[in-house]
Structure formats: structure tokens, C-alpha cells
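**Q** So the protein lines, in turn, are chains A and B.
For my numbering, count along the first sequence from 1 and bump the result up by 3.
For my numbering, count along the second sequence from 1 and bump the result up by 6.
In short, the hints are calculated from the structure, not lab data.
It cannot be assumed that every hint is accurate.
Said to hold, decoys possible - Chain A is faced by these chain B residues, among others (derived, beta-carbon under 8 Å): (1) Glu19; (2) Ile22; (3) Ala32; (4) Ala33; (5) Arg37; (6) Val39; (7) Leu42; (8) Asp75; (9) Val76; (10) Gly124; (11) Ile126; (12) Ser317.
Unchecked claim - Computed from the model, here is a short list of chain A residues facing chain B with C-beta under 10 Å: (13) Thr89; (14) Gly122; (15) Gln159.
By construction, the Cβ of each residue, glycine as well, lies at the ideal position given by its N, Cα and C atoms.
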Amino acid sequence: MGTRTVLDGAEISRALTRISHEIIEANKGVDGLVLVGIPTRGTLLARRIAEIISRIEGARVPVGSLDVTMYRDDLAQQPTRTPRPTEMPVAGVDDAVVVLVDDVLFSGRTVRAALDALGDHGRPRAVRLAALIDRGHRELPIRADYIGKNLPSAKQERISVRLSEIDGEDAVTIGSGDEARS
Amino acid sequence: MRHLLDTRTLERERAILILDTAEEMAATQQRDVKKLPVLRGKTVVNLFYEDSTRTRISFEAAAKRLSADVITFSAKGSSVSKGESLKDTAQTLQAIGADGVVIRHPASGAPERLARSGWIDAGVLNAGDGTHEHPTQALLDAFTMRRRLFGDTSRGRDLDGVSVVIVGDISHSRVARSNLWLLHALGANVSFVAPETLVPYGAREWPVQIHHSLDEAIRVEQPDVVMMLRIQSERMHAAFFPNEREYARHWGLDDARLGRLTEEAIIMHPGPMNRGLEISSRAADSERSTVLEQVANGVSVRMAALYLLLSGERGESA
């Protein structure tokens, strides 16, 4: 069935620039800030946001990548998933303001798993959440602090975030997929 | 993957998946909080019909790091010593609600019997059966080689072209067999070194070079890895070699042979070592020795195996 593009490359880039400004504003600078992406595309987005922040503020923000596979609550219902590498900043996350970054915010279960996983790495001063797309249908009391675009969607629709680093282009598409999985 | 019974039928992709998963497990073991919630609420039974300390505590540590409940069942002082059959023991475990069974048994094929008989639904991990296989030992050995050879770039790689010489009592060794099948699948060149009396019947049909002289093997094979096996006196019911001194002189890794290895060659031993018999103290304590790494890696590899077998939805075929 038909797939249409809801965000193109320029729009993604503008959304990330706005999110970067909002993060700096809320944090009053970059002190104590750590960006942690959820693989695979969350990590790429976290790197891009760090890049934009360093252009604005002239200071580098540590970026990490946090695999949440082993913290998911649906492990027993799914075929076994292979865990992916976790790389946390050497300085750790204790007492830092951690901004979790993911591509699509949907049920909220991935974020819950990420909060558990993060807790095993240390005790941040605060944890915030940034998502490029918020498509609704939350199953847990979780909301994002920074959102690229709110995209009301039907539950069975399929939203794909494509990023040039691995997909060859920047785009967010929506299709009437049969299997509903972000 | 439902069971882990041997490495002979383990395909290359599966083996690399286990090794890569073990890399992630090893990374979690560097943190302050080493426990992961993946097997919360699951029960793993260690069913040991043979004495073992290393393998049992390694599996126990691995299962506990994954938040499973662990029940250890040793044959000594249990219902087995009263004559209970494997079937009845298995059905007892089923009734208790075991999700995974780690079994070591003196009879080759006992884990396979447990897995295929339909007595239990649990995933079965072979922790050593007779002279058949010891798959997690081979996996941890391959993991250790890969890490020593490739370091941080290990993920996704096989052991193509790596020369591995395995020395000692091959005929009684399930470790040698499991290593041969796994290393062969991963592309390594494997050689066995042993007196003819300790070469298993049929080994000439296997994908392995056989040498009788360790000196010749070191010269010809230029090994990247030398793996010494323990002389298992408890299995030596007949005279396979004249005496221990003669064995040490011909097939032991002594200081002179240590000096003839290539610069980067590593020395492995599954433990426990007989110092002065199959390996000299200098070899065992040298920088090249990976004995303690093998123990640490054993926990990561067993965590990976337990995770891949027990965490996902059960019921699909192997």
C-alpha cells in the first residue's frame, strides 16, 4: 500500500536544530549534559544533536549509546533478540543530566527499559527524553521533553525513520503497514 | 535455538552470534551493577552427575548474573545415588518447573537423550558428557582466541586461518572434540598432538592434522594457539604412556618449547592444570597464558548461551 513522506531531510534537520536549542536553554548551557541514544537510530540522532550543540555553544557534549534489549518487558513473548553494543561516556552518568534520544516514541516501553538500563550505569541528576517523532498510543505514563514532530497515527500504521548514515537518505515515512511496529 | 548440545552441528553464523552476544555480556561485567534482568522469574537447574567445580560455579554465576533462580543438583548424596533413573530425575525437574537444565553426565549422549526424549520442556545445555562434547568450553576458548587476536574489532569475525595445536589426552577429551568442530566451522586450522595411544579411534577421518611429536607440530604448524589438555588420571584405566616423567618430556609444554613458540602465540588450558606434567610453571604463569581469561570469559559465554536459549519465546524448533 501507499507510503508517504511526512518529514524530508531539511525538516528533520530543522527539528533537530530546534531540539538542540531547547536542550541548551532548559539546561542553561552544556554543563553536566550527557546525550544517550537508543540504538540504532536514536544513537545516530544523539550524535547529530551533539554536533549541533557544539556548533552553537562551542563545547562538546559526551554522547553514549545504550542498548535496552536485555531490559525489555516483552523478551519472553518475542523470538530472542541479539543485544547490541552499549557505549557509555567514560566519565559515566553519575550526577549528570542525561537526555535519552530515540527516533520514534510509541508505547513508551522502550523508554521504560532504557530508564532501567540507565539505572545500572549510575544515578543521573535528572533524565530527560527527546524523540524525533511522537506518534501517540502510550501504554505507560511516559512523555517526551523534546519532540521533533507530533504525528497522530493509527496503531497499525508503520512509521519509519530513515537516516543517511545507514539508510542513504533522511526521511520519515508513514505507511499502512500490516505489522504495526515502530 | 532450543538446546545447546554440541558444536558439531552448530553452524558458523550461530557460533558467531553466541560469541558476539558474549561480547555484550562481557561488557556488562565491567560495570558496578553486573546483574541483568533477562531471566527474572526463570529457574535454571544445574544437574551434575560428575564432579566439577569450575564449570558448575561458572554456570551458576552466569545464571545468577542474569537474575535466574539456580538450583544445584549433584548426584552425590541425592536421589541419584539411591538409583533414580535419568527419566525420573528429569520428570522431577519438570514438576519443579525448571526452564533450563545444565547437565554434566559421564555417559556420552545423556544431554541429547534429555533434550529429545520429551520428558521435559526445559532448554538443555550440555556441560560435558562422557568423551563426547563440552560445547561451552569450546565457545569460551574460541571467544578467548578471538579477543586476544583481534581485541576490540572481534565482533562479527571468525578465526579464518588461525593455527591451533591441541596437545594431550585427545582420546578422553570432550574439550578437544568440541574445540575441533567449532574451530573448524570458524575456519581455523586444527592439529592434535598426542601419543598414538591417546589419539581417538576414527580421528583420521576428521578435519584435523595429527602429530605424534610436539616439537614437530610447533615447527610445522607455527601455532598461533597452543592448547594443553589436562592428563585425566581419573580416566586413565590402562597404561597409555610409560610414566608421567616420560609424558612431560615428550608432550609437556616446558620452558624450552615455550621459547620456540612464535612471538604472538598464546597458551591455553581448560584447567585445572597439572603443573610440571603437561605444562611448566613458567608457561602457565607467562603473559601468553590465557588460563584466567578463559575462566572470566567462561561466565560471559555461558551468560550468552543461557540468554539465547532461555530468554525468548519458547516452543519454536531448534
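**Q** Can you list which hints this structure breaks, lowest number first?
**A** 1, 2, 3, 8, 9, 10, 11 and 15
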